[in-house]
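> Please build the complex by placing chains V and R on the supplied structure of chain A, with the hints as guidance.
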Amino acid sequence: MPNASDTEERTVEGTAGRSAGGFTPPGWVRNATLVVGAALVLLFPELVPNAYVLSAGVIVACYACTATAWSFMGGFTGYVSLGHAAFFGLGAYGTGLLIRDLSLQPFLAWLLAGLIVLVVTVPVGIAALRVRGASFVIVSISFVLILLLVFQAWEDFTGGANGLNVPRPFADLYRPDHHRIFYYLFVALLAVMLLTWWVIDRSRFGAGLKAVREDEDKAEALGVPTRDYKLAAYLISATFTALAGGLYALWFGDLDPIFQFSILLGAYMVLMALLGGARNLFGPLVGAVVVGTALEYFKLEFGDTQLHLVTTAALLGIVVLFMPDGIIPAAGALLRRLGPRQASIREVTAEELLARNERRAAAGGAGAPEGASRDAPDGASGGAGEPDSESEGGR
Amino acid sequence: MDGTLLFQSLVLGVLLGGLYAILAAGLTLYFGVMRVVMIAHAAFVILAAYLAWYFHRETGLDPLFSMVFTVPLFFGIGVLIQRVLITRLRPATLTMMSVLLTFAVALLIEGLLGLAWSGTQRRVQLSYSGSNFEFFGARIAVVKLIAFGLAAVSLALLFLLLKKTRFGLALRATIQHREAAQLVGIRTDRVAGVGFGIGLATAAIGGTALSLDATIYPSLHWSWIGPLMAIIVVGGLGSIPGTAIAALVLGIGQSLLQVELGTTWAQTLFYIALFVTLMLRPQGFFGGRLAQRF
Amino acid sequence: MSEKATETAAAVGLETVALTRSFGGVRAVDEATVTFRDGRINALIGPNGSGKTTFFNCVTGMIKPNSGSVLFRGKEITGRAPHRIARGGIGRSFQLCRIFPRMTVLENLLVAVRTDGLRQLLAPSRDARAIERARGLLVRVGLDHLENAEAGAISYGQQKLLELAGVLMSDPDTIMLDEPAGGVNPSLIGRIGALVRELNAEGKTFLIVEHNMEMVMSLSDHVVVFDRGRPIAEGPPSVVREDPRVLEAYLGV
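Residue numbers (our numbering), protein chains in the order written: chain A, 1 to 395; chain V, 1 to 294; chain R, 1 to 253.
Looking at chain A on its own, in the form it has when it is part of the complex:
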């Protein structure tokens, strides 16, 4: 039986364990950051000096949408898709073609395109998830490559390399107003995604997805229908990506297979999500702001050279090798190391905790009576019942 000194040790371990689970700043810091962040995002169009910067803001908001959408699959399940540009392009072209060929109202076309992508993704997802891991990677890249081929080759329908013109939904607006409206539309889409993310994150579905990320066999053995869960996450991710693509089509008004079905766009999504932290609610958003701003700045300063390819590659390599969990957890770890208050909690390192637990287990195990006081008659078989008698037994 544990004695008094054990009990004291427990509380320390409990706290250390909590901080090991991830960096959690005090509530007010979190809330204040959220409020300031949201205010900055909403006021951005009023703060910018000119329409050019505003249009850059629209692009960054679009990146934030795609990176967040990507993380529904990449973050929750750990399945890395390099071909998410396929869904972006399908959403964009779907919207454009529905407007051109069926003369649908632009935003109706947009939603319908999202729905079409949802349906198309079902067989793709089933094929991609057939063989664990490898097939997903292969299908995800192949899908974007084949779509690039098809959209380039099928000129009669898609316009091919000549591009596709998407009429602007607000034809009578001036350029800056147009940017402003679309900025808010992207932000609204992002808000919907973040809300969805939040709901999934705390749900049983989310717990199952995270279990898949940690150990798929184990999750399966515990009764999680892993394939269905993965497919559902993939569908959500693809549809949101398509909606971002559709909005982009309505905003930009000119589509080209080379840019819409671009491997590089998929790489940006991965980089942004990973850099910010794909397992974090705001991680992909932060990553998109950092990387997106840098990309726009690069484009302005150096134009379109091969340099951005090299930089993207180098950055991606560094993130994968040195901070696969992203900057938010990395910054959290740094804060924890620097902050005095946090440091006192972190006095117990993981190794120390491990060593101590081993010692404790050895000691505790030896003293554990064979069944006697733990004999709760129907604890485990009686559903959630009888926890009282059990906790008595444990103390």
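Keep in mind that a hint or two might mislead.
[As the list claims (entries may be wrong)] Computed Cβ-Cβ distance ranges for the label pairs, DEER-style: (1) V:117 x A:302: 10 to 20 Å; (2) R:67 x V:117: 56 to 66 Å; (3) V:117 x A:318: 19 to 29 Å; (4) R:218 x A:195: 47 to 57 Å; (5) A:335 x R:128: 28 to 38 Å; (6) A:334 x R:128: 31 to 41 Å; (7) A:122 x R:244: 23 to 33 Å; (8) R:79 x V:142: 26 to 36 Å; (9) A:334 x R:67: 53 to 63 Å; (10) V:10 x A:195: 53 to 63 Å; (11) A:293 x V:142: 48 to 58 Å.
[To be verified] Residues from chain R shown here face chain A by an in silico Cβ test under 8 Å; the list is partial: (12) 75; (13) 113; (14) 122.
Since the hints were made in silico from the structure, they are not lab data.
Note that the structure is a prediction, hence the values are computed from the model and not measured.
Ideal Cβ positions, reconstructed from N, Cα and C, are used throughout, including at glycine.
Chains V and R alone, transformed into the frame defined by chain A:
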């Protein structure tokens, strides 16, 4: 399609399939030893092609001689990639993170090629570039035949290495069951490193063969990696003979379709084959039990 | 113990008929026909490489058998997806203890909460009932003080207990443990053994693969001995221990 044309396409298909086979062999080798889908493989192929082109431009010698440098160089790079980069990754997330890593390497190579030699299309001009010869009525370009010969010889060597040598035995054991191989005393990490080296060496050979006959540009590797990945899935991930058969079948298929549909649409064959394989027989059509587990 | 065995002898739980699985030429499980009765602590023993773990994996759906069938209470479950088998009332642990290292101890248990239908799917995973139940189980295995610790940071022995608690979370009728005593110290083996006995008294059936003979002999009601992919002997521990075929298989005489 008349008989001669059909025969011509068939022969061209075999030649193309041979090239696909040596290129995909490397890809399946990495997957076999490390469970890594090496996205950068095709980028290294293009890099080797560029080096062959550069070697030819600078020295005036036949680009084939560039292999004297590129093959050992690529072998070394392959070993390094495995020993320095891949082993740094957590085993639990190895497949996914290695994909990202090799993807980054592919982008890096593409970007560096663009910086070094610009995005301009390049082509090796040789005295025998335009030569053809007749083969039962089919006109076969000499360069295609050389490329095929190169691929066939290196595939045969690879096969002998795997089947006849002690190292080959260790490599096959590692591919089939890593833990079991460790238990019987095989140093699987070292084997995996050499496996990567050999894989990348095949990229050097394949790239040189490609340079004889193809117009090259930095982003060309994307149109190769897709078909190559499809081939290794159809052939059964990790199975080299399966890969070779799938490469030949799909190469011939592409060559035949090309006549009717043109090059772009013919390429979709690979993706359709990939999709059908995953739906019907995810373990691949030509062997490879590994696929079921990974 | 033998009393209890005869008492419940009627109910057949898990059984396999001519179950076969080969890995390239080698038959890891070779036409194995075995019956495990409900309410018992069954043990599956055999020399290394005798196919015990493959047998386990075939039964739980992790590996598809080449031929033969698996039945649970008379119903065919061969080749079903592992999560269906798990939901059907067969829980399992893994040979080298598998937990979710980057989740907290409590979250590890919440993963196993069953979900049917969209509403439950989106219900918060930390709902009061599930947490209450999880805490009850943590108390039971003696990990309640580590509820919020990251599972990867607790000791190996504690991870084994956590895995067991995770299996119990979905309240399975039959619990399959793959080497519960592997890699843990003797005192903890005693603790795990006591837990198994307790749970068995509450009506849980066990199927345990184990190398620790002391544990097997003291704990189990019924022992099945595997050699080269098929059962060669079975019976109460005292009988199996004396069986010449078993000695032969183990000592290679």
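> Please go over all the hints and tell whether each is borne out by the structure.
Results of checking the hints against the structure:
no.	hint	result
1	V:117 x A:302: 10 to 20 Å	19 Å, holds
2	R:67 x V:117: 56 to 66 Å	59 Å, holds
3	V:117 x A:318: 19 to 29 Å	26 Å, holds
4	R:218 x A:195: 47 to 57 Å	56 Å, holds
5	A:335 x R:128: 28 to 38 Å	32 Å, holds
6	A:334 x R:128: 31 to 41 Å	36 Å, holds
7	A:122 x R:244: 23 to 33 Å	59 Å, violated
8	R:79 x V:142: 26 to 36 Å	54 Å, violated
9	A:334 x R:67: 53 to 63 Å	57 Å, holds
10	V:10 x A:195: 53 to 63 Å	58 Å, holds
11	A:293 x V:142: 48 to 58 Å	53 Å, holds
12	75	17 Å, violated
13	113	6 Å, holds
14	122	5 Å, holds
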